[in-house]
Amino acid sequence: MKYKAKRKHSLQMGFGDQIKAYGRLHAQALFSSLGRLIRSPVTFSMTVAVLGLAITLAGGFYLLLANIQQLTGNLEASNQISIFLKPGITVDNGRKLADELASNPKVNNILFISKQQAMEEFKLYSGFGDAMDALTGNPLPNVIQVLPKDALTDDTLFKELVSELEQIPEVDFARVDMEWLKRLQAMIQLADRSVVILNSILALAIVFIAGNTIRLELQNRKEEVLIAKLVGATHGFIQRPFIYSGFWYGFIAGLSAWVLITVIVLLLQHPFEQLSELYDERLNVRYLNLKETLVLLITSSGLGMLGAWIVLHRQIQQLRPD
Amino acid sequence: MLVFDRVFKRYPDAEDALSDVSFQLEQGEMVFLTGHSGAGKSTLLKLIAGMEKCTRGQIIFDGQNINRITEKQIPFVRRKLGLIFQDYKLLQERTVFDNVALPLVVAGNGYHEIARRVRASLDKVGLSGKETKYPITLSGGEQQRVGIARAVVNKPKMILADEPTGNLDPELSAEIMDLFSQFQQVGVTILIASHDKALIDKMHNRVLHLDHGRLLQG
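Each protein sequence line maps, in turn, to chains A and B. 1135 is the number of the first residue of the first sequence in this note's numbering; add one for each residue after it. 22 is the number of the first residue of the second sequence in this note's numbering; add one for each residue after it.
To be clear, the hints were calculated from the coordinates, so they are not data collected in a lab. There's no promise every hint is true.
Dumping the calculated EDC-like pairs for lysine to aspartate or glutamate here, alpha-carbon to alpha-carbon at most 20 Å [to be verified]:
id, chain 1, residue 1, chain 2, residue 2
1, A, Lys1293, A, Asp1306
2, A, Lys1356, B, Asp119
3, B, Lys110, A, Glu1358
4, A, Lys1240, A, Asp1326
5, B, Lys154, B, Glu184
6, B, Lys67, A, Glu1357
7, B, Lys101, B, Glu47
8, B, Lys176, A, Asp1151
9, B, Lys110, B, Asp83
10, B, Lys154, A, Glu1298
11, A, Lys1249, A, Asp1306
12, B, Lys67, B, Asp108
13, A, Lys1230, A, Asp1151
14, B, Lys110, A, Glu1234
15, A, Lys1356, B, Asp199
16, B, Lys176, B, Asp83
17, B, Lys110, B, Asp190
18, A, Lys1283, A, Glu1255
19, B, Lys110, B, Asp26
20, A, Lys1154, B, Glu134
21, B, Lys218, B, Asp232
22, B, Lys176, B, Glu192
23, B, Lys145, B, Asp119
24, B, Lys67, A, Glu1358
25, B, Lys93, B, Glu134
26, A, Lys1356, B, Glu114
27, B, Lys74, B, Asp34
28, A, Lys1257, A, Glu1234
29, B, Lys101, B, Glu134
30, B, Lys101, B, Glu50
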């Protein structure tokens, strides 16, 4: 009985054996393809270098943008409105109005600056201190600084609040010093879109470079492919090591790109921190985090495999023994 | 084992390569296929191996209609066949072991199974101990025996040989034929295309004679 079972095993494959055989074929293709790549180091390192540079460009642009956004993200929090009161309004009336505004549900915080306070600040910071003393009266208005609720990031709601404030009879005008911030945000949006487009183009380039390298590899091993076909190799079997070559190209290029990006950020760390200090913030420069690193590696490996697959899909079918 | 039923093969803008060919091979038969060059010997073998499709007629191999199978099924038909070529078709940059192992690797066998069967196969063709050699270092006769070892390593139901002795001298050719006879004795069906008339006459086997794509005897 035992003998019979064993005999069957050698002639016919059961389901478990088939799965084992399948796993074995994959493992074998994965490592034999890496071995083959390493055996031609010049071709391999050149292709990896080209792919790695393309991935570095893509990842670098992304990270640059992420760092700039980190800077402006902190600016966004300070979208306050200054309302200038009419000249006839007294300090007491001004304070009363400020208290009223503080209970407005759209308002987060209120700061009343009387004309005297404003004058003192102006003397202190403007350098015209002595000249101010020569003035007979105080030409500055009373000001209320309004900080809207955080939820008011929506543009239309924000505008509504501004016009509401302007309609109060005591108010001369309201001023939002946000135009430059808006322009900056628009520019960042443009840069954001540009990075998406640029990275798509780079992704396409990676697919083509990997595909072309695999095509050349297939040409070099044409004879082997034909003989494998003659002894009963399926398309899957023939394709597998090449797909894994694509994987290795992408993966190792991705790893090199990660190293290169990290070195670049390391070099830029000091100037970046100096810049962030000018914004009264001490921001830490951002490196690729774990999630982004995984996305980088998976994407680059995937693009390498995709390039290989596109080429192989047609070419292997066209290779016929005769 | 193999049935040809009124098979025609026509290439575009050419005469019929095969015309109304019908014959039958029983299991364990060893048959020669002969004829002038261009008579259609290679075409006939290619049809069996699924390298070409016939224009008309039916080819049944091991109960399977070869001209009705899909592209995906072809590899599995080839695993039941052992193919031998005039130019051996060995991978020169691979060892003898790797060359013979290829059909087993392709089918997903484990390493121990492969090693055992490759050794048994090389032993049968008298090449024990040459596993780590490269084909280029072997003589023509030895290279063809590597080709034969590769063809039989997967225990095929049928061996197709296209001018297997075409590049060998008569003495080596006789040795190769001896090998084929041994495989026949253990039940393998063998079809050998050859135009070596002297050799065929010596063997006293059934002969299929092709002339301009038509079968004369059989």
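Status of each hint after checking the structure:
no.	hint	verdict
1	Lys1293/A x Asp1306/A	holds, 17 Å
2	Lys1356/A x Asp119/B	holds, 17 Å
3	Lys110/B x Glu1358/A	holds, 9 Å
4	Lys1240/A x Asp1326/A	violated, 31 Å
5	Lys154/B x Glu184/B	violated, 25 Å
6	Lys67/B x Glu1357/A	holds, 18 Å
7	Lys101/B x Glu47/B	holds, 15 Å
8	Lys176/B x Asp1151/A	holds, 19 Å
9	Lys110/B x Asp83/B	violated, 25 Å
10	Lys154/B x Glu1298/A	violated, 92 Å
11	Lys1249/A x Asp1306/A	holds, 14 Å
12	Lys67/B x Asp108/B	holds, 16 Å
13	Lys1230/A x Asp1151/A	violated, 86 Å
14	Lys110/B x Glu1234/A	violated, 95 Å
15	Lys1356/A x Asp199/B	violated, 33 Å
16	Lys176/B x Asp83/B	holds, 14 Å
17	Lys110/B x Asp190/B	holds, 19 Å
18	Lys1283/A x Glu1255/A	violated, 27 Å
19	Lys110/B x Asp26/B	violated, 30 Å
20	Lys1154/A x Glu134/B	holds, 13 Å
21	Lys218/B x Asp232/B	holds, 15 Å
22	Lys176/B x Glu192/B	violated, 27 Å
23	Lys145/B x Asp119/B	holds, 17 Å
24	Lys67/B x Glu1358/A	holds, 19 Å
25	Lys93/B x Glu134/B	violated, 26 Å
26	Lys1356/A x Glu114/B	holds, 13 Å
27	Lys74/B x Asp34/B	holds, 16 Å
28	Lys1257/A x Glu1234/A	violated, 30 Å
29	Lys101/B x Glu134/B	holds, 18 Å
30	Lys101/B x Glu50/B	holds, 16 Å
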